[in-house]
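For reference, the chains in residue letters:
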Amino acid sequence: MLSIKNLQARIGEKEILKGINLEIKAGEVHAIMGPNGSGKSTLASVLAGREDYEVTAGSVEFFGKDLLDLAPEERAAEGLFLAFQYPVEIPGVSTTNFMKSAVNEIRKYRGEEPLDAVQFLKMFKEKMSYVNIDQSLLSRALNEGFSGGEKKRNEIFQMAVLEPKLAILDETDSGLDIDALRIVAEGVNKLKSPDNATIVVTHYQRLLDYIIPDFVHVLYKGKIVKSGGKELAHELEERGYDWIISALGE
Amino acid sequence: MLYKELTSASQKEAIERFKAKGFPTNKWEEWKYASLKSWNEKDLDWTPAALNETSSASLQTQNGNTSFHGTLPAGVEFISFDAFLVANPTIATKWEQRFPILDQNSLYDLNTALVVNTQVLWVKAGVSVDQAITHDFILSAAQASAVQSRVIVYVETDASLTLIERAYTKEGSAEVLSNFVQEIYVNEKANLTYVKEQDLAQNTTHIDHTFITQLSNSQVDLFTFSLNAAYIRNNLHFYSDGENVVSNLNGLYVPGEDQLMDSHTVVDHRKPNSESHELYKGVLLGNSTGVFNGKIFVRPDAQKTNAFQSCKNVLASTRATMNTKPQLEIWADDVKCSHGTTTGQLNDEALFYLRSRGISLANARTLLLLAFVQEVIDRVTHQETKLRLTDKIISKIQTSLAI
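Protein chains in written order, with the working numbering: chain C, 1 to 250; chain P, 251 to 653.
Hints in this document: simulated from the structure, not taken from any laboratory.
You can take every hint at face value.
Chain C is faced by these chain P residues, among others (derived, beta-carbon under 10 Å): (1) 599; (2) 600; (3) 602; (4) 603; (5) 604; (6) 605; (7) 606; (8) 609; (9) 611; (10) 613; (11) 614; (12) 617; (13) 618; (14) 620; (15) 624; (16) 625.
Just so you know, even glycine gets a beta-carbon here, dropped at the ideal spot from N, CA and C.
Start from the sequences, fold in the hints, and give me the full structure.
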């Protein structure tokens, strides 16, 4: 579904991605790991369409479409979802309120009829159970005064509502205690199907104890320098990143 | 200039004062951003013809003529100012000194000289008027005109009233300068809720002078929603002349292409133990200009005053301009006063977040702007008015962002 070829991107004058190649198929879970500053979050942001980054070379195809040519909202409508590392606080906008707009705009994009209030209520109720989130949180101003766990659960709730084909979880484990981590991971696992795929961007292995990856990629200085199966994550946990970096001759 | 025959001495004096000064220009400090200079050169009809517009409102001001329609609620009178002064001789003597008219206000003199029909809405002591009274303020002229209107609201002790004013221009009207003076007197333990909706035509210039005197234990909740007009200037003056007075000033202005909206507020705390809360917000669209000038005076006697002022603005366009100037003059030492003004743009990170969920850029901006203005709209308790204002504001923002 996703085909990244020689992707290069920069912010200002700073080159961050220096030629990423990655193929993702339906049903797969890919973990992107790497030391701080390696470009993990940049990759997630570029895929979601954050405008701070300039793509200087390469291509990204999503179900055969040129992803880089689409606005962020079109990418969402095509089935891409980014769970933010730092979910934004938006005073005066509740999750329920803006998710209704989001769902109906996406349905319109796909030529589907809008959902009415009753259908929303039913659907929200079902999705709330995925991440054990309650109505009062969803009625509050988005992320304002939410705990770290509440913010991340809210991200996964939104993912459940939008049912993306490709979900990118950007450091979703950061700022979570072990219970919150488990709830978030369970939510992600419930949403997994043979038709969708997940990219888990993470610094640590611990999230991968709950969301088991099919592939693990190590990103270093803007390139994928090593790929392997889930055992690679365990190896990284034990040995750190240095052995990979020294193998590169650096 | 051709004026009607002025009979009274006070009118003659007022017109001389106006003639000496003319319309305010940008050389006048208080009118720096909101000059009316061009009106000095216009050939104006100073006494535009009476109107006979149909309106469902009980109170109607049509080109300066105010009348009451339907049955007056029990305990409410509607009479001319002259008759009111005859009925209340004690008020007559103190009326002229009740508050200082600020300098640089030649328009007040113009109104005094030329206004023809000053009426009083008078709520008697102890009367709670259950239903809100709607006031349609309608303008329409065949040729470029200046319209003078004056309405007085007198709320006696322990009485309460809700007023919903809707100012608009009739379709097809020529250019109008509307000079509207309102003098409001809220006595002890009385309550007034007043919502002003200013939704006028693009060839209308509307100047609203609202002077409110409050006595002890009274509360006023005032809302000014400035939606449309080439030019709107609100001179809102609160004279907090008693103890335990609560004055709430709420304002929302949404100027669009070729529109200027200027809010000049004064809260004058003259006695101890009173409070004022001022919340103004602006969304500036297109190439619009906004002005906020908020003065708070705390007089030497007004110990234990709590006076708060906040003015927040979003420039929704790179071509829009906002000018803010908070001014606090505090002569008492035991007071709590604060003020804060901010002017900024929408948060890019919030916009990206909403877009990443499938919401278009225009809708994401509308959503954020509505969230921003909601705080002011939500304070309106009259449901019908709240819904109407919300619809109008959504529609104005959406139209502007779609261009």
